[in-house]
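Student: Read off the chains here:
2 protein chains.
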Amino acid sequence: MAKEVSNKEENYSLWYNNLVIKADLAENSAVRGCMVIKPYGYAIWEKMQAQLDRMFKETGHQNAYFPLFIPKSFLSREAEHVEGFAKECAVVTHHRLMTNPDGPGVVVDPDAKLEEELVVRPTSETIIWNTYKNWIKSYRDLPILVNQWANVVRWEMRTRLFLRTAEFLWQEGHTAHSTKEEAIEETMKMVNVYAEFARKYMSMPVIIGHKTESERFAGALDTLCIEAMMQDGKALQAGTSHFLGQNFAKAFDVQFANKEGGLDYVWATSWGVSTRLMGALVMAHSDNNGLVLPPKLAPIQVVMVPIFKTEEDYKQILDRMADMKSRLVAAGVTVKIDDRDNLRSGFKFAEWELKGVPVRIAMGPRDLQNGTVEIARRDTLTKESVGQEGLENRIAALLDEIQENIYNKALKFREENTFKVDDYKTFKEKIEEGGFLMCHWDGTSETEEKIKEETKATIRCIPIDAEEEEGFCIYSGKPSKRRVIFARAY
Amino acid sequence: MAKEVSNKEENYSLWYNNLVIKADLAENSAVRGCMVIKPYGYAIWEKMQAQLDRMFKETGHQNAYFPLFIPKSFLSREAEHVEGFAKECAVVTHHRLMTNPDGPGVVVDPDAKLEEELVVRPTSETIIWNTYKNWIKSYRDLPILVNQWANVVRWEMRTRLFLRTAEFLWQEGHTAHSTKEEAIEETMKMVNVYAEFARKYMSMPVIIGHKTESERFAGALDTLCIEAMMQDGKALQAGTSHFLGQNFAKAFDVQFANKEGGLDYVWATSWGVSTRLMGALVMAHSDNNGLVLPPKLAPIQVVMVPIFKTEEDYKQILDRMADMKSRLVAAGVTVKIDDRDNLRSGFKFAEWELKGVPVRIAMGPRDLQNGTVEIARRDTLTKESVGQEGLENRIAALLDEIQENIYNKALKFREENTFKVDDYKTFKEKIEEGGFLMCHWDGTSETEEKIKEETKATIRCIPIDAEEEEGFCIYSGKPSKRRVIFARAY
Numbered sequence: 002m003a004k005e006v007s008n009k010e011e012n013y014s015l016w017y018n019n020l021v022i023k024a025d026l027a028e029n030s031a032v033r034g035c036m037v038i039k040p041y042g043y044a045i046w047e048k049m050q051a052q053l054d055r056m057f058k059e060t061g062h063q064n065a066y067f068p069l070f071i072p073k074s075f076l077s078r079e080a081e082h083v084e085g086f087a088k089e090c091a092v093v094t095h096h097r098l099m100t101n102p103d104g105p106g107v108v109v110d111p112d113a114k115l116e117e118e119l120v121v122r123p124t125s126e127t128i129i130w131n132t133y134k135n136w137i138k139s140y141r142d143l144p145i146l147v148n149q150w151a152n153v154v155r156w157e158m159r160t161r162l163f164l165r166t167a168e169f170l171w172q173e174g175h176t177a178h179s180t181k182e183e184a185i186e187e188t189m190k191m192v193n194v195y196a197e198f199a200r201k202y203m204s205m206p207v208i209i210g211h212k213t214e215s216e217r218f219a220g221a222l223d224t225l226c227i228e229a230m231m232q233d234g235k236a237l238q239a240g241t242s243h244f245l246g247q248n249f250a251k252a253f254d255v256q257f258a259n260k261e262g263g264l265d266y267v268w269a270t271s272w273g274v275s276t277r278l279m280g281a282l283v284m285a286h287s288d289n290n291g292l293v294l295p296p297k298l299a300p301i302q303v304v305m306v307p308i309f310k311t312e313e314d315y316k317q318i319l320d321r322m323a324d325m326k327s328r329l330v331a332a333g334v335t336v337k338i339d340d341r342d343n344l345r346s347g348f349k350f351a352e353w354e355l356k357g358v359p360v361r362i363a364m365g366p367r368d369l370q371n372g373t374v375e376i377a378r379r380d381t382l383t384k385e386s387v388g389q390e391g392l393e394n395r396i397a398a399l400l401d402e403i404q405e406n407i408y409n410k411a412l413k414f415r416e417e418n419t420f421k422v423d424d425y426k427t428f429k430e431k432i433e434e435g436g437f438l439m440c441h442w443d444g445t446s447e448t449e450e451k452i453k454e455e456t457k458a459t460i461r462c463i464p465i466d467a468e469e470e471e472g473f474c475i476y477s478g479k480p481s482k483r484r485v486i487f488a489r490a491y
Numbered sequence: 002m003a004k005e006v007s008n009k010e011e012n013y014s015l016w017y018n019n020l021v022i023k024a025d026l027a028e029n030s031a032v033r034g035c036m037v038i039k040p041y042g043y044a045i046w047e048k049m050q051a052q053l054d055r056m057f058k059e060t061g062h063q064n065a066y067f068p069l070f071i072p073k074s075f076l077s078r079e080a081e082h083v084e085g086f087a088k089e090c091a092v093v094t095h096h097r098l099m100t101n102p103d104g105p106g107v108v109v110d111p112d113a114k115l116e117e118e119l120v121v122r123p124t125s126e127t128i129i130w131n132t133y134k135n136w137i138k139s140y141r142d143l144p145i146l147v148n149q150w151a152n153v154v155r156w157e158m159r160t161r162l163f164l165r166t167a168e169f170l171w172q173e174g175h176t177a178h179s180t181k182e183e184a185i186e187e188t189m190k191m192v193n194v195y196a197e198f199a200r201k202y203m204s205m206p207v208i209i210g211h212k213t214e215s216e217r218f219a220g221a222l223d224t225l226c227i228e229a230m231m232q233d234g235k236a237l238q239a240g241t242s243h244f245l246g247q248n249f250a251k252a253f254d255v256q257f258a259n260k261e262g263g264l265d266y267v268w269a270t271s272w273g274v275s276t277r278l279m280g281a282l283v284m285a286h287s288d289n290n291g292l293v294l295p296p297k298l299a300p301i302q303v304v305m306v307p308i309f310k311t312e313e314d315y316k317q318i319l320d321r322m323a324d325m326k327s328r329l330v331a332a333g334v335t336v337k338i339d340d341r342d343n344l345r346s347g348f349k350f351a352e353w354e355l356k357g358v359p360v361r362i363a364m365g366p367r368d369l370q371n372g373t374v375e376i377a378r379r380d381t382l383t384k385e386s387v388g389q390e391g392l393e394n395r396i397a398a399l400l401d402e403i404q405e406n407i408y409n410k411a412l413k414f415r416e417e418n419t420f421k422v423d424d425y426k427t428f429k430e431k432i433e434e435g436g437f438l439m440c441h442w443d444g445t446s447e448t449e450e451k452i453k454e455e456t457k458a459t460i461r462c463i464p465i466d467a468e469e470e471e472g473f474c475i476y477s478g479k480p481s482k483r484r485v486i487f488a489r490a491y
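Which chain is which? The protein sequence lines are A and B, in order.
So for the first sequence, the working numbering puts the first residue at 2; every next one is plus one.
So for the second sequence, the working numbering puts the first residue at 2; every next one is plus one.
Hints listed in this document are in silico derivations from the structure and should not be mistaken for laboratory results.
Hints are not guaranteed to be accurate.
Same chains, same names: a pair is fine if it fits in one copy or spans any two.
As the list claims (entries may be wrong) - Restricting the straight-line Cα-Cα distance to at most 30 Å, the calculated cross-link-like pairs of lysine-lysine (DSSO-like) are:
(1) K349 <-> K23
(2) K88 <-> K316
(3) K337 <-> K48
(4) K58 <-> K326
(5) K235 <-> K451
(6) K235 <-> K421
(7) K451 <-> K58
(8) K297 <-> K48
(9) K337 <-> K134
(10) K48 <-> K134
(11) K451 <-> K326
(12) K260 <-> K310
(13) K297 <-> K58
(14) K453 <-> K431
(15) K349 <-> K410
(16) K431 <-> K138
(17) K479 <-> K9
(18) K23 <-> K114
(19) K316 <-> K58
(20) K190 <-> K48
(21) K138 <-> K349
(22) K114 <-> K88
(23) K138 <-> K88
(24) K297 <-> K349
(25) K326 <-> K190
(26) K260 <-> K349
(27) K337 <-> K431
(28) K235 <-> K201
(29) K58 <-> K201
(30) K260 <-> K88
Whole structure, please, built from the sequences with the hints as guidance.
Tutor: Take a look at the structure:
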């Protein structure tokens, strides 16, 4: 089983694709670029959703739902937005099929052409701000703090499971505020929520920073992001939070009566994370044996595998396991007993390693006699024999330890692969090895573009906690006040 | 506030539409036939989802996600299915927009025509069975018990908020089994889950029955449904569960190696409920003052309204309320304190009645002195003054009582409006008044169709618990073995 996952040191990209498929997370569908998220993969996504949703609600947000379709003309209302989103998208032109008059099957009914084409939402700013127009009259209607869980479609040419698919699942927050300050505060608050989620639940360290102007969301005045390092040293943007200024309010004429009795345009933010996080989770922690899941997102936290030769042993072991399971469940642990009697335990071990179950408990006839079990950790692949007494407390503590260890391992990896680089020659050498390069940059899009053309590296972000430091741009030699992060990225 | 909702006895349809909008449940969007589900409405839908999801998981199902798009040719694979679903639907023909060369805005790029058109899923049997083909090799891969929460699109000509919209949210279960018996059992199990949900959570009595052949799902051998009576005496189909036989397995060539080593086609079911349930919930219980929500689905179960003249009273009352709230929350009750200081309490009362909050607690200066509060029930519109001591237990019990009372009221209404009718003349008179008419029917589609043409009444279902009873068809006079339910329906 484990052999089926290829070697990540040899071909990281192939390793990733194989792993996503072998671990039953997702697969490609019959529709170009669209994936099927399989039950095991979806169970992880549900855990992500549940936790994020909790965090959104704790910060005062409510969910709502807006239409899947956007009238074509809406996209053109905000000048930059149309450039970014009105290109590769799914366009609905007709609303009826008819029996094929010339053969088998069905064909598009030419009489059912829509007056105005509809675009399947690539993001919902336009339709939402067109709706907010009717919700906002006075400052008393503000803020609006709304989130939507939805599917979106961007007609990507080169797709990869979870990382870049034509259709993906996400959440998009869209908030409306009476002041600029409040909107900026919201933008920052939500990127912090994302960072906390990545760190505490995904065990994935992230850097919070501002995108450069050329990497901003189309229509935003500022884009904050969280950037993570994958195990091949490449960067992955895991979430974004946009300060949209009054751009969409102006595009859709959304004004409110302020406290002083005047009329102002409303201030906006939007923020989102998607099923891309699933790709990040896989690439951040997994190894050549399969997935390594942080316990807080694992659909199964503990798997129990009976080891037996006789029917009687099997029954006795399962009995004891049922008892242990109920104690573990009472302690809040998700447990599965793998009681399949047609598979060898070695096969089962490999399968649960592939699926990333954090803790495996094995029990054989000798354990039965001795009152012990064998505990194996997925993160370190270490085993130890322990007593059955008080197992639930030990396991609960172990799950916390694993959650932390995975985080620390990823953090250590990032630190070991982050370098300060001060000249372009070194930069070009270093970038080939992967990692984050902390460099001075002159702040111009021209330099950024040149470096991207020559090295495929982009500025991932200007970290919000970047220290003030005098220096010179690695490319142009012009003065710079702080380092930014360059990397190749997914 | 209450005046804004029109009178349901005068114009039920207008009353419904006004109520959905005034209570902030949903509104029409800029896209024809697509609705915006507003935060308050979505909060109710979330409660429905959470409970249904729990019940699906308790019955062994897992969630997954399949593509939004279905290749046009897939729809033609199953002969009846294409008749039912390949007609009014959203057809994606292109994948790119381009800057308009002849003016402002964007236009469809003629070079980006898809080789095969994609249909936005009206239901997912075809894409899912095309996927299952790769998941199922042997009887060991069965059963597959999968559910999907998703949006679907059916290009309805006449739409009404929640009841019939072009896009709607739903869940669709799609299961695969190795035997016919197991699939039939699943079909029945899930319609029972729906009935239990309707009764226990929506406080809505339903009748479980089989659809007649002409009302079956396109591609099903049997469709089970739950039917509820609305307050105007019309029927509403609130959920369906289909036994699909081997139709989709044959259409997509899904065979499995059985235990005996032979090859069999897989047996299928599908089942779904949608945001239509929101419409049913509104129409089943609400009155001319607004929504009446069953406590188990109410986003806010208790609202507290302070009644005050002086700033000091206001503060003291809010203090006391905060204390009561924390005790209620600890007892598992969802509470909101309406501390808006710019609105009169009468206005607040009307607003929370409109929104269907089951219990209102009001507290004034005299209550503060006496250690009392005024409790008002939304379902009966009655009030009483009670002591603050032990309030949390009283309220918890009251919420249960309201949940049950709403159910009993709806059941009583249905019973009072269900009639045994044995001749067609009486049938034609009675059907004008609304209600369920229990009649003998000769079992033919011809008779069913004639009655529908002449009276607009359809056979809602053949109840699963219909008693064997000799009789004669009200239309043809031919012999019949049991009564079926006729009604006009949403």
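Student: All the hints need checking, so say for each whether the structure fits it.
Tutor: A quick look at each hint next to the structure:
1. K349 <-> K23: within (14 Å within a copy, 57 Å between copies)
2. K88 <-> K316: neither (62 Å within a copy, 56 Å between copies)
3. K337 <-> K48: Intra 17 Å, inter 28 Å, cutoff 30 Å: intra and inter.
4. K58 <-> K326: Between. Shortest inter-copy distance 19 Å satisfies the 30 Å Cα cut-off; intra-copy 33 Å does not.
5. K235 <-> K451: Only inside one copy: K235 and K451 sit 19 Å apart there, 69 Å across copies, limit 30 Å.
6. K235 <-> K421: Answer is within; shortest intra-copy Cα gap is 16 Å, inter-copy 73 Å.
7. K451 <-> K58: neither (43 Å within a copy, 53 Å between copies)
8. K297 <-> K48: Both. Shortest intra-copy (8 Å) and inter-copy (24 Å) distances satisfy the 30 Å Cα cut-off.
9. K337 <-> K134: Only across copies: K337 and K134 sit 27 Å apart there, 50 Å inside one copy, limit 30 Å.
10. K48 <-> K134: between (34 Å within a copy, 28 Å between copies)
11. K451 <-> K326: neither (59 Å within a copy, 61 Å between copies)
12. K260 <-> K310: between (79 Å within a copy, 24 Å between copies)
13. K297 <-> K58: both (19 Å within a copy, 20 Å between copies)
14. K453 <-> K431: within (14 Å within a copy, 77 Å between copies)
15. K349 <-> K410: within (27 Å within a copy, 55 Å between copies)
16. K431 <-> K138: So K431 and K138 fail the 30 Å test inside a copy (55 Å) and across (49 Å) alike.
17. K479 <-> K9: Classified as neither: same-chain Cα gap 40 Å, cross-chain 74 Å, threshold 30 Å.
18. K23 <-> K114: neither (43 Å within a copy, 34 Å between copies)
19. K316 <-> K58: Between copies only: 27 Å across chains, 46 Å inside a chain, cut-off 30 Å.
20. K190 <-> K48: Both, since 22 Å and 27 Å are each at most 30 Å.
21. K138 <-> K349: between (61 Å within a copy, 20 Å between copies)
22. K114 <-> K88: both (21 Å within a copy, 13 Å between copies)
23. K138 <-> K88: Neither way: K138 and K88 sit 33 Å apart in one copy and 41 Å across, limit 30 Å.
24. K297 <-> K349: within (22 Å within a copy, 42 Å between copies)
25. K326 <-> K190: between (40 Å within a copy, 28 Å between copies)
26. K260 <-> K349: Only across copies: K260 and K349 sit 22 Å apart there, 66 Å inside one copy, limit 30 Å.
27. K337 <-> K431: For K337 and K431, neither the intra-copy (45 Å) nor the inter-copy (57 Å) Cα distance is at most 30 Å.
28. K235 <-> K201: within (21 Å within a copy, 52 Å between copies)
29. K58 <-> K201: both (17 Å within a copy, 27 Å between copies)
30. K260 <-> K88: neither (41 Å within a copy, 52 Å between copies)
Hints 2, 7, 11, 16, 17, 18, 23, 27, 30, counting from the list given before, are not met by this structure.
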